[in-house]
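Work the whole structure out from these sequences, hints included.
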Amino acid sequence: MDAFFERIPALLRELGLTLGMGLLLGLGLREYYLSSPPAMRVGSTRTVLLAAILGFTLWIVEPRGTAYAAGLVTLGIWLALFYQSKLSHQGSGVLGMLFILLGYALGPLTQITPAWFVVATGISALFVLNSRDKLAYLSEHMASQEVVTLAKFLVLSAVILPLTP
94 MDAFFERIPA LLRELGLTLG MGLLLGLGLR EYYLSSPPAM RVGSTRTVLL
144 AAILGFTLWI VEPRGTAYAA GLVTLGIWLA LFYQSKLSHQ GSGVLGMLFI
194 LLGYALGPLT QITPAWFVVA TGISALFVLN SRDKLAYLSE HMASQEVVTL
244 AKFLVLSAVI LPLTP
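Take the sequence shown: its letters are residues 94 to 258, numbered as in my numbering.
These aren't lab readings, by the way, just hints derived from the structure by calculation. Hints are not guaranteed to be accurate.
So the derived label-pair ranges between C-beta atoms look like this [claimed, not checked]:
#  : residue 1 : residue 2 : range
1  : Ser250    : Glu124    : 35 to 43 Å
2  : Tyr230    : Glu155    : 42 to 50 Å
3  : Ser129    : Glu233    : 17 to 25 Å
4  : His182    : Arg106    : 38 to 46 Å
5  : Leu180    : Glu124    : 19 to 27 Å
6  : Leu256    : His182    : 48 to 56 Å
7  : Leu180    : Ser129    : 13 to 21 Å
8  : Ser178    : Pro102    : 41 to 49 Å
9  : Pro207    : Ser178    : 35 to 43 Å
10 : Gln183    : Pro255    : 48 to 56 Å
By construction, the Cβ of each residue, glycine as well, lies at the ideal position given by its N, Cα and C atoms.
Have a look at this one:
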């Protein structure tokens with residue numbers, strides 16, 4: 094199986110990973126929209142997939158990142174205008190816009206990080222997307238003092254454990 098993947102050019106593998114994860118994120122967003130339809134939505138499967146293709150292409154075209162940054166600014170302005178319109182219609186929520194931006198970031202991610210990181214990022218985003226009710230329940234029932242205590246423990250562990258032999 095590894096010999097098969099080694100014969101495929103690296104750029105083609107990266108493009109396939111970008112397309113696959115972009116499609117998966119877009120389908121997850123579409124399923125989320127179908128389960129709880131928002132008043133206004135910015136996009137769905139095709140939008141996330143097209144953002145992923147755009148990010149990949151702009152990163153390839155100009156390796157220094159100038160074209161990618163220009164695309165990100167353009168996409169950001171477009172999403173900001175949409176969000177302003179959404180707020181004027183008494184809507185809120187940025188989940189769809191974040192998924193589009195994550196799709197846009199997939200292109201460079203597939204080229205500068207290992208494939209497992211790209212897959213882990215996409216799957217994590219889908220887990221967060223589909224755990225809305227569980228996260229709301231957890232945040233309502235967890236005492237804030239417990240969170241502060243956990244944070245203190247983690248900070249102390251990060252300082253003390255590396256110092257001990």
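Against the structure, the hints come out as follows:
no.	hint	in the structure
1	Ser250 <-> Glu124: 35 to 43 Å	holds, 38 Å
2	Tyr230 <-> Glu155: 42 to 50 Å	holds, 46 Å
3	Ser129 <-> Glu233: 17 to 25 Å	holds, 18 Å
4	His182 <-> Arg106: 38 to 46 Å	holds, 43 Å
5	Leu180 <-> Glu124: 19 to 27 Å	holds, 25 Å
6	Leu256 <-> His182: 48 to 56 Å	holds, 55 Å
7	Leu180 <-> Ser129: 13 to 21 Å	holds, 19 Å
8	Ser178 <-> Pro102: 41 to 49 Å	holds, 42 Å
9	Pro207 <-> Ser178: 35 to 43 Å	holds, 39 Å
10	Gln183 <-> Pro255: 48 to 56 Å	holds, 50 Å
When each numbered hint is compared with the structure, no violation occurs for any of them.
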